[in-house]
Structures are given as C-alpha cells and as structure tokens.
Amino acid sequence: MDHHHLFDVGGAHLSRLEDLRLIKGEGCYAADWNLPRQAHAAFLRADRAHAKILSINIDAARKAKGVLGVYTGADAVSAGYVKPLSMLTFAGKDGMKARLPNRAVLAHERVRFVGETVAMVVAETALQAQDAAELIEVEYEDLPVTVDPRATLEAGAAQLHDNVPGNMVFEQEAGDAAAVEAAFAKAAHVTRLKLDCTRVAPNPMEPRACLVAYDAGSGAYTLHTPVQGINMMRMQIAAYTGVPDDKLTIRAKEVGGGFGQRSIAYTEYVAAMIAAKALNRPVKWVSTRSEGFQSDSHGRANYIDAELALDRDGTFLAMRLDWIADLGAYLHPAGPVSPMRNPVTCLNGVYKTPALFGRWRVALTNTVPVSAYRGAARPEIAFTIERLVDESAAQMNIDPAELRRRNFIPKEAFPYKTPTGSIYDIADFHGVLDKALKIADVAGFDKRRTISEKRGMLRGLGMSTVIENSGAGMFPKDEVLLEVGSDGNITAFSISHSQGQGHETTFAQIIGDALGIPAERIQLQQGIAEKGLIGNHTGGSRTIVGAGTVCHIAAKKLIEVATPLAAEQLGVEPSQVAYAKGEFQSKESSKKITLGELAAKKPLSVTGEGKFGSTYPNGCHIAEVEIDPQTGVTDVVSYVTVDDCGTVINHAIVEGQMHGAVAQGWGQIFGENIVYDTDTGQLLTGSFMDYSMPKAGWIKDITIAEHTTFGTISPLGVKGMGESGCTASLGALTNAVMNALRPLGVPPLDMPLTAHKLWQAITSAKKGL
Amino acid sequence: MFAFQYRKAKTLKDAVEILAKDDEAKPLSGGMTLIPTLKARLANPTQLIDINGISELSGIEVKDGALIIGAATKHHEVATSKVVRDALPALADLASHIGDPQVRNRGTLGGSVANNDPAADYPSAVLGLNAKIITNKREIAAEDFFLGMFATALEPGELIVRIAFPLPKKAAYAKFPHPASGYAMAGVFIAQTASGIRVAVTGAGPGVFRWTEAEQALTKSMSAAALEKLTLAADDLNEDIHGTREYRAQLAKVMATRAAAALA
Amino acid sequence: MTTIKMTVNGKSCSGEVEDRVLLANFLRDNLNLTGTHVGCDTSQCGACTVHVDGRAIKSCTMLAVQADGADVVTIEGLAKNGKLHPAQQAFTECHALQCGFCTPGMIMTTAALIKDNPKPSDDEIVHGLEGNLCRCTGYLNIVKAVKRAAELSK
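Residue numbers (our numbering), protein chains in the order written: chain P, 1 to 769; chain E, 1 to 264; chain S, 1 to 154.
Since the hints were derived computationally from the structure, they do not count as laboratory data.
Please note that the accuracy of each hint is not assured.
Footprint (simulated), chain E over chain S, 3 or more residues, beta carbon under 8 angstroms [claimed, not checked]:
#1 12-21
#2 39-52
#3 62-70
#4 74-84
#5 128-141
Derived DSS-like pairs: lysine-lysine, alpha-carbon spacing no greater than 27 angstroms straight-line [unchecked claim]:
#6 Lys24/P x Lys147/S
#7 Lys63/P x Lys39/E
#8 Lys447/P x Lys24/P
#9 Lys39/E x Lys766/P
Glycine residues also receive a C-beta, built at the ideal position from the N, C-alpha and C atoms.
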C-alpha cells in the first residue's frame, strides 16, 4: 500500500499546532513547575578536577537562615544511590566487559571533575540555599589531573577509578584486521589523518531544573525534569536508586531543546530525591548556565587516527581507524554506547569499501561526563570518512566529486549489506550528489574563486556525502494511544517527547492523513505517565520512523476497531460500512455515524504499536567559504543541502531541523570548543563569555533540496533527519576551508577553525614554516 | 548574589555623601557590568546606590566646540541622538556597537568609562578624542584617567558627572568583536583632532593605549596604505585561548586600517 | 525586604522582595508570569527580555527594585484582547520557533526592534538580534519572522 504521497500542508505560512501557547509565553518548562510547600536546593560543586575529600564541615551551613537540610556523599551512600545505569552491556575485545565506575550522587571520598556535585543544601528559598552552600567547608587533598584524551590512556597518567585500570573503560574492535592489512600492503596510495572531533556543550537554551516530590504514604516519587522520553528517564532513575518503576512518575511538558543532553538521570535529580524523602517536602532546583557548563553532559570528544588505502585510480581498498572516545570522569548511561555502536553501523559511509577495521577505546578524564550530542558519533564517523576522501582527492589530484562517484554504492545495489553487517535499505548517492553539484553550481566555482582572489580573499569549496542509521530504538516497541472525544476530536498520547521537533504537528498530520480529518482536530499529549505506554525517547532521529509510523498504524487500527461498532449502530454488516473523513457510512443507505458519535455512546480508544529496525537517511552538503587572510574570519557564502530522508511529512519542520543542525555543525567547526587547562583541569570555557555560540547572521541562507527514496522500514517511507545537518556539515565545512587553504601549503587543521587559528596557519604558510 | 541594600540617590550630592560614608557601597548606573558581577558573587557591596535618575548626570549638548554627555546617558541614547550623529557620528557609531540592543538600553557612558574594562569600546573614544572626564570633584584629562585593567584615576566615592569630547574634524571607529562575548578583541578609534591625528586602541591590551607609530604614519597620509608596512608591537598585548598577542596586534592593525580607510 | 509597585501588562502589581532579587525572578516567582525565561547568567542569551518603560531590556540584569514605579510589559502582555501582536503572528507563520524557550525573549526583542525601525534591512535585523540566542532554529526563520512582523505592522 502506497503511503508515499506528500503530506505537505502547503503554503508558506504554516503554523505548528504547538506554537500558540509558546508564542504567548504559556509553555510549561522544567523551572515553571511549582508545588505547595516546595523547598529549594543549591549544590556545592567541586572547585578542582581531582582530589580526595578529607573532610566536609556542614555545621555552619546547617545553622544558616532558612536551611532545612544539608546532604553529602555519606547520605548518597546511605541511600545506596551510587551506581548509575550503564547501557554498555555488550562485550568488547576478547569478550571484555566494560569496567563501570561507581558514582555516588554526591561525591564520596573523591571528586573527579570541576563541577561534580559535592553537597546539597535545601532551604526555604533558593537564595538562602545558595548563601548556605557557601558556608560548607571542604578539605581537599589534590591529586594529579588527566584531561588529555590520548594521554589519559598512556602509562603514567593519573588514575581516576580503582576499577578502571589505565583509565580505559572498554575496548572493542570491528571489521577484518587481516583483510585491511593486506589491502594496505598493496595500496597505491595511503591517506592518513589525525582527527580531533572536539568536545562541545550541547547547550539547549533551557537550563536544567527539577522538582521532586515524595509521597510518604505510598513511597512514590514524582520527578519533574526535562526529558526526551519519560520512560527513558524513569528507567535510569529506577536503576540508579532501586526505586521500582511503579513508584516513579516522571512529568514533563515543554522541553527547551534536547540534542541528547536530556536523557540522563543526573545526580542532582537523584540527590533531590534524598531530600524530598527526608524532609517530606517537594524539592526544586534550577541550574544556572554556568553550573550547566560544569555539569550538563558534554558532547562529541572523539579522537580518531584514520587511514584510507586506495588503488591507482582512487578506488577505496580499505579503511582503518583507531578511535578514542573521551567520556569524562564518570559514565552516563548511553554516553559510551554512541561511539561504540554508531560508527560501526555506518563504518563504510556511502562507499563500497570492501575492507574495514577499527579499534575503539573508551577513556576517562577529569572532565564533565560526555553523552550523546546531536548525531551521537554518526557526525564523527561521517566527518572522518569525508575528510579522508577529500584529502585523498587532493593528494591524488582526482576531482573530489569524481572520487566519490567511483566509490559510491550504486543505486541498484540496495538493500546493501555492509562489511559490518548493516543493511542499508535504499538510497541513490549518485542522484543526491549530482543534484547538489548542480544546485551549488560547482562548475562555476573556479570563476568565483578568481573574483574572490582579486579582492584579496581566499575561497574554498567542500562537500560531504554521508549516511547514518536512524529508527531503531532500545525499548521493546513504540505505542501510540488514540482517544476519540464525543466531538470527534482525537487525543493522541506518545512517550516520544518533542524538544522542539514539532511532534504535535507532524503526528497530527500523520493521524489526520490516515483518518481523513484535519490535523487541527488532533491533539498530541506527550509524557502522560498515567497512560502507561511503552515507547522510545526522542533521539537518534528515530521518532518519525518509530512513534510517527505508529501514529499511522494506530489511526488505521482505529478505523478497523470502530468499523464493526459503526456497523452495529447502522444496522448493517461491517463489510457494508465505508469509512471516510471521520465518518462511517452504510453502503446501502445514506445512514452515517461519526467517530465522535460512536465515542459518545461508548469510550472509543485504540493503542497502536510497532517496532522498527534501522533505516538510513543520507545526503550531500556542499559548502562554499570565503576567508579573509587578514583576520582569518570565514564567511560561509553558500551552503547547499540535498537530503534523502524518505517521505517528508512537513517541509517547514524538516527545513527548520536542517537549519538548526547545520548551525550546530557550523558552531563546532568555527568556534564552539570546551577547553580545559591541561595542568589543573579547570574549565576555561565556562560561560557564553568564552564559549562561542552561533548568533543570527552566522549565515545568510541555506539552500535545502530533497532527493527522496522511500525508506522500506516504515510503511510511511520515512527515514528521520533531525541529526543529518550535523552529520554532513562537519565534513562539508572543514573540506571547504581546507580547499581554500591547501594551495597556500596549510596542512590539515583541526576544528575549531577559529579566525585566530586560520590566521596563524595562513601566516605560517606564507612564511614557509 | 550576596545580600545588599539598594538605595536610589535623588541628587548627586546625595550619592556622593552616601558613598563617602560607606566605603563598601557601590554606585549602580546601567548595571550591565555590576549586576552580572554580583550574580557571579565576585563582589559583595553593602549598598548599591542607584545614580540613574540623577538629573545632573543626564544630558547631551554641544558647547564650546565639545560634545558634552552626561554620565548616566545610555548607549542607545548616544547611538540615536541627533545631536551626537550630527556633531560626532563616529561616537554614535561606536555606541551602536556596544553589547547588544538590550544592553544599550541600560548601559551608560559613565558606567563604562569608570569601569575601564580592557575590552570596552568607550575608552578608545575618550582617549582618541582627548576627552575630559568631569567628576564631582575635578576634571581629569583622558591621558591621566586610564590606569590599567579595571583601574582609573577616580578616587573612592568619586563619580563621573559628564564627559566632554572635543569635536574632531573627522573620526571613525572599527571594532573586531570577540566571537563569544562580543567585546572588542581590538577596537580602534581614529580622530583628526585640532592637535593632530590620534589612534586609540582598546581590547588588545590591558587597557586603552595610543598607537603612536600609526598616528605618525597617518599624519603623513590618511589612508589604509599608510599603515600597510606597520606592525603593532605585540609584547604587552593580551593573550588567552581566543588569540595570541600577535593575533591581537594583527586585528588592531586591520581595524586601524579600516578606520583609516573610512577617513581617507 | 522592600515593597515595590509597578505596572505589569497594564495591571498594577506589588510585592515584597529582597533588594537582590532580579526583575526576572520577581516576574516569574512573585507574579507567576513564567513566560519570561532565564537561559543564562552572563546576560547574553536574551530569553529574559521584557519591556521596561518602553525599552527592551534583559530582566535578568535588572533588580526588581530598580523597576519600582516602572511600566513593564512581558510576553504575556503582548497580545491585546486575544489578538496576537504582529511579532507573535510572524513567528508562528515563519516557523521561527522550535522548542519555544528563547521565543518570548526573541518576540519581545522583535516587537521593540520594529517599533524603533519599521522597515529593517536584513543587516539591521541581524544586528538587532545580537542579544538573543537560539539553539534550535539556526536563526534563518527568525530573521524572516522579524521582516514579516514589520510587514504585518504596517
């Protein structure tokens, strides 16, 4: 059955269904919740990167005005809140199991990164809690610090955890080492790159906050926190605390940006549970941005030595990687999983490279713990491959587009089984590339470069052709519940939770399309724990494939379930009933009954479910840059994206996601960078004063085009694309800059390609250094 | 923030008296620096004395060949004032690039100059135009006012009342903003004054300074080309994760070149 | 504690606050107007933007006591008699919001910008948005929305 028709709601002026309350300031974010009798928490955080805690004196804090309680590591240990969930449960090299450090929610005996939660003060007001936190005296004995991700794995580095020798949590290998070795041995050309995919801060605009309540009678907790899916949060909190699922309710409405940073049972939320229970009062905590820089999950931080072996005409023979993932001082539940799993899934990228091998190591450093950040290591593997391809093209003097074409998996080869066992469902890489080359007018680049040079400017063009896995989720299935109102309006419920992706609109479109009723008549509610639904969180670009498809399934099921009910009311056999646009009509007579009328007689609801495997959105991005050699500033003068995300439900939302993700890629390439002092482990980029966030005007325009092949995993043909902008932009932008600078003799540079760095590189190159 | 007492001063005399009696009281003007400082718990004053409403600190007028601006005048007011745009457009232009629109609606000339942040914009205009800082006690020449990072010649409790900018023949300001904070990584104010060309550089060093070599070169020829062969000595410039001193020297040169080109 | 009185969204409001309480927190905690958001602590993100005496300011960088006697307008006060302000209308038309957290501040800045400058160029819009950060949209649709808001205001 063909569901591949366009869902386009049409017109330039689309308003999302969720917009009205948000533009009026009536959204409810984590810090907007309040409960009667609530008290306020403030945290004392480690001011040094690695130290033994010799003593903590909380006497003065306890006596301070308004203080209700002061909690330290001893309380965390008493409560047993010391072992966070880890999803790194699969075996590594030689069957090794991950060495998982413990983490008391308030530091116990040692602190291991600047910002670690050491103590918690709960008081009547937030100001009183902050004042009192300053009165806590901690005596530390400093320990040596390790923050360099490569050096931390070497002998002599400071050791963070007794059960993680050499600071190495996990090692794995994938691919065929022997085949790769053989291929390199006979290669005509080998390209080698050492790539730093820097550590960044996801920085959604909404700072973290929580409001935790405890009911003494039932022993149940209610936690209001930002989420990307309430079930994922509940699972992690349950694992960390031992409190069973049915005693935990997670509540969330609006979530102000996620990008992977939300799906974590942070120590602050769990610590607040201790106080909520001890004081029998709800405990509220709102993070500041500066606190967030020191405690929200960081992202990326992958360091890759990469090699590509090619034959004389540029055919890729083999690729070999040595990959270090810096996960910080402790492990977040999914933190290490992304760099271990995702790059392996797409190890060959869009190419038919026959031999692949990689070694991955998870390293610990005295830094903020790392977790998934938009793309979750898929941008990093795509970046690695596309940098190798581009450098190879330059070194071998082969046109970069042509080199890619020679190695693409051809259209006819799908479904394509990759050397690491992934099955790419369907794609057309040649088509995507050709379209992008045309739209970006690559043919006219040389002329444009000449004009730039006459103005004293450098000009470069770079592309990246990428693919990523999306769709599969770790929960057993996605469920969507549809409840029909007596007015014929539908309320839909899902666990997948939007943090800006516009589910209230896209899900309503999908349901509306299946039911033949306007999307405005469907209201999505996310995060309603009472409905007891199963479902994945929103992340990994999976929601449209997962919950989105299930919206369609649920809608079809509703028609199926309601047909015999309608038949009964109409006094005919079900086979004599036809459904269209919200009503059932008897084929014999003109008698009708609407969904609403059925619901008015008897409650009418269905739960649809589905479980889907991986699908593979892909695309080509082409960036053109102009660099001012006087200042090193890069201006992205053109950015073209051609993406295959399968069926597009809502073009405006897809474009918006692309804008935002490309902006984040641009941010990482040109300025965002979390920097630690190598000697002290102090965070040098701890606020927006030092951490360069993209602002309006970072780019004038992005040209977005589609090249669709319908995904075969979901009956809707969707593939997901929320992260694609990051996956492709890191490579496209870097390749463009290197294309501009290479002629001057500038060697491969690492992100961030700040104005300062580029000016230094250009100046050195000009001096012949 | 630490707790403090907030008081609104009605007159300049009021404000000066309160500050004289309590050496841990701080004057509050726009608050665009002080309030973030207090939020970071980097200062712990006993009292904040709000001087915003004081009439003696307000006003923009041209008198005797100088543009005189009250210390409590907001950046937005300087940026959009017809008087300023007619008499000293470079100053209006500079003010229009301080911070962002919301900051410009609160931040004041006096607050900025008294704070002397090494990356603030106004000090380059004050030094570049050889302005006079008029306080409640005396007049201080620009040359004598800026004493180093966050340090000025102001005595404890002394308040800037207004600043008199002698009108130049022509002036221009060019700024390279810090990619994160938006402050000047190098901001250069060039003025053709009655006593000659002045080139004042902010953002690159620990405080605003005059680039005398550039002044000499531009005196010979007011043009971008005149600066081509010059290099600003980098030794005393700032260095941090955002740029070496050599880079800041380069930025100062490029900004000076742009300002000179505007005056050519 | 100081008693302060101000007009907020056309209504006279008063409250008792410590002198160190920020206007943003007074609006959010004392008056329950949670539409004004706090997104940072270095006065850069602009999510807290409100209008005080007709000018757009960052309410996280102003003390509540400084607003004593002032006329304050927050995002909740922009729509009049159920009719959206052109800035609000434009934002939703142009898909200029995703998660919505930065949006109240963006809209308040936009409303002030088009009042000062009814026909802003793209450059003027970009300059006018320097005090507002967004992580979701990449800003392109926000710039379009400011232009559209100016059109709708004619």
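Is the coverage entry for the segment 12-21 of chain S by chain E consistent with the three-residue Cβ rule at 8 angstroms?
holds (count 3)
For the pair supplied as a hint, Lys63/P and Lys39/E, is the alpha-carbon distance within the 27 angstroms limit?
OK: Lys63/P and Lys39/E at ~24 angstroms, within 27 angstroms.
For the pair supplied as a hint, Lys447/P and Lys24/P, is the alpha-carbon distance within the 27 angstroms limit?
violated, 49 angstroms
Quick one: see if chain E covers the segment 39-52 of chain S, three-plus residues with Cβ-Cβ under 8 angstroms.
With 6 residues in contact (Cβ-Cβ under 8 angstroms with chain E), the coverage given for the segment 39-52 of chain S holds.
Are Lys39/E and Lys766/P close enough, with their CA atoms no more than 27 angstroms apart?
Given that 27 angstroms is the threshold and the Cα spacing comes to 46 angstroms, the pair is violated.
Whether chain E covers the segment 74-84 of chain S (at least 3 residues having a Cβ closer than 8 angstroms to its Cβ atoms)
Coverage by chain E is violated here, the residue count being 0 at a Cβ distance below 8 angstroms.
Are the Cα positions of Lys24/P and Lys147/S separated by 27 angstroms at most?
holds, 20 angstroms
Given coverage of the segment 62-70 of chain S by chain E, checked by CB-CB distance under 8 angstroms (3 or more):
With 4 residues close enough to chain E, the hint holds.
So is the segment 128-141 of chain S in contact with chain E by the C-beta rule, three or more residues under 8 angstroms, or is the coverage claim wrong?
Since three or more residues must qualify, the claim that chain E covers the segment 128-141 of chain S holds, with 4 doing so at under 8 angstroms.
The earlier numbered hints that this structure contradicts are 4, 8 and 9.
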